[in-house]
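Undergrad: Protein chains in written order, with the working numbering: chain A, 3 to 178; chain B, 4 to 151.
It is worth saying that the hints were derived from the structure and are not from the lab. Mixed in with the good hints, there may be bad ones.
[Said to hold, decoys possible] Computed list of chain A residues with no C-beta within reach of chain B, every gap over 10 angstroms:
no.	residue
1	E35
2	P81
3	K84
4	I93
5	L135
6	N143
7	A147
8	F156
[Unchecked claim] Cβ-to-Cβ under 8 angstroms is the rule here; a few derived chain A residues that face chain B:
no.	residue
9	R63
10	A73
11	N80
Source: prediction; values computed, not measured. Glycine included, every Cβ here is placed at the ideal spot set by N, Cα and C.
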Amino acid sequence: MSIRDEIRSRTQESPPRLFFLPPLIPALPIVRELFVSQEVYRVASPPWSTADPGPRFAQMRAFLDIWTSGALISVANNPYRKGRSTFMARIDPAPDEVFDIRCIAPNPGMRVLGCFADRDLFVALTTAMREDLATDKDWRNEREACKAAWRRLFPGYRPFSGANLNEYISANILLV
Amino acid sequence: MNTSQPTSFLSNPSGEDAVPDTALAYFRARHRGRVYEAVIQEFLRSGITQATLARRMGKRPEQINRLLGAPGNWTLDTVSDLLFAISGAEPEYGVRYPLNEPLRNYRQPDWLNLQAAAASGSSNGFTLWRQSDAAIGTGSGATFLRTM
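Given these sequences and hints, build the entire structure.
TA: This is the structure we're talking about:
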């Protein structure tokens, strides 16, 4: 079975363990693909409370829709050399193939961690409030949670790995 | 198959009803992304380097590098400064009504549909990139920020 067969199976389970997440605005195109775990689906789906963290979840969803609709995004391959508000960045260590979508506003923002299953196909697995990622240990725990979520969903499959970021995302990216 | 979700939270304002903060938050983030794309595309079209832009704006190169990295701290003045310094450009404003625009037929990858996948004899038959939605360049589609 291919990784897409596996993804399709996870979306067809009852209850599903993966969800395809199209943009909230129905007129937006679907250019890149995004599947989300139950954990991400819960916080990425409206309605949200008007009190915190509701607006943070809404902004997070806008970031996810920016990914899906194919808008220009900045991406950093080096976990330690990136602009403060780079859209997507690889998490250290690189061989783990974990990336995060960095929802930087409103401060302190959120992080959505996941792995690529193929080019332009991102699987978002965990979320974390930025204030909960204060130390290296916090980051390590979050990264390991993400990797564990991948293993539970796709036993026997490694996340997609490419020689450079062009192999992860086909178009409309700014490499920073 | 679960591939969709309720979208009613995003609806056009009506009457005296307060617009939910969450809807405002969603569109703020979307707006930032759109402004960012407009500025970066102009920078890329211009062909100038970050070093040149830094000199034009009287800033240090690393400041320009951070500025172009993402729109986190951009203000209206930042956008104006960047566009003019890049190419003598200014933003052109207009409005649109995304919630009134027609629904796209393509709402999920074809390969998610088991019957379609079986009929095509492949589970890999999806379209990644529709050229009409492409915004920058050709070839690999990726673009490097010009370094000093």
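Undergrad: All hints, please: hold or fail.
TA: Going down the list of hints, with the structure as the test:
1. Listed as outside the interface, E35(A) is inconsistent with that label: its C-beta sits roughly 6 angstroms from the nearest C-beta of chain B, within the 10 angstroms cut-off.
2. Annotated as non-interface, P81(A) keeps its C-beta farther than 10 angstroms from every C-beta of chain B; the closest such distance is 14 angstroms.
3. Chain B draws K84(A) into its interface by the beta-carbon criterion, the shortest separation being 7 angstroms against a cut-off of 10 angstroms.
4. Listed as outside the interface, I93(A) is consistent with that label: its C-beta sits roughly 17 angstroms from the nearest C-beta of chain B, beyond the 10 angstroms cut-off.
5. Every beta carbon of chain B lies more than 10 angstroms from that of L135(A), the smallest distance being close to 17 angstroms; the non-interface claim holds.
6. Residue-level check passed: N143(A) sits 26 angstroms from the nearest beta carbon of chain B, beyond 10 angstroms.
7. No beta-carbon of chain B is positioned within 10 angstroms of the beta-carbon of A147(A); the least distance is around 23 angstroms.
8. No beta-carbon of chain B is positioned within 10 angstroms of the beta-carbon of F156(A); the least distance is around 15 angstroms.
9. This hint holds: R63(A) has a C-beta 6 angstroms from the nearest C-beta of chain B, less than the 8 angstroms allowed.
10. At about 5 angstroms, the closest approach between the beta carbon of A73(A) and any beta carbon in chain B falls short of 8 angstroms, and the interface hint on this residue holds.
11. The beta carbon of N80(A) comes no nearer than 12 angstroms to any beta carbon in chain B, farther than 8 angstroms, and the hint placing it at the interface is violated.
Violated hints for the displayed structure, listed by number in ascending order: 1, 3 and 11.
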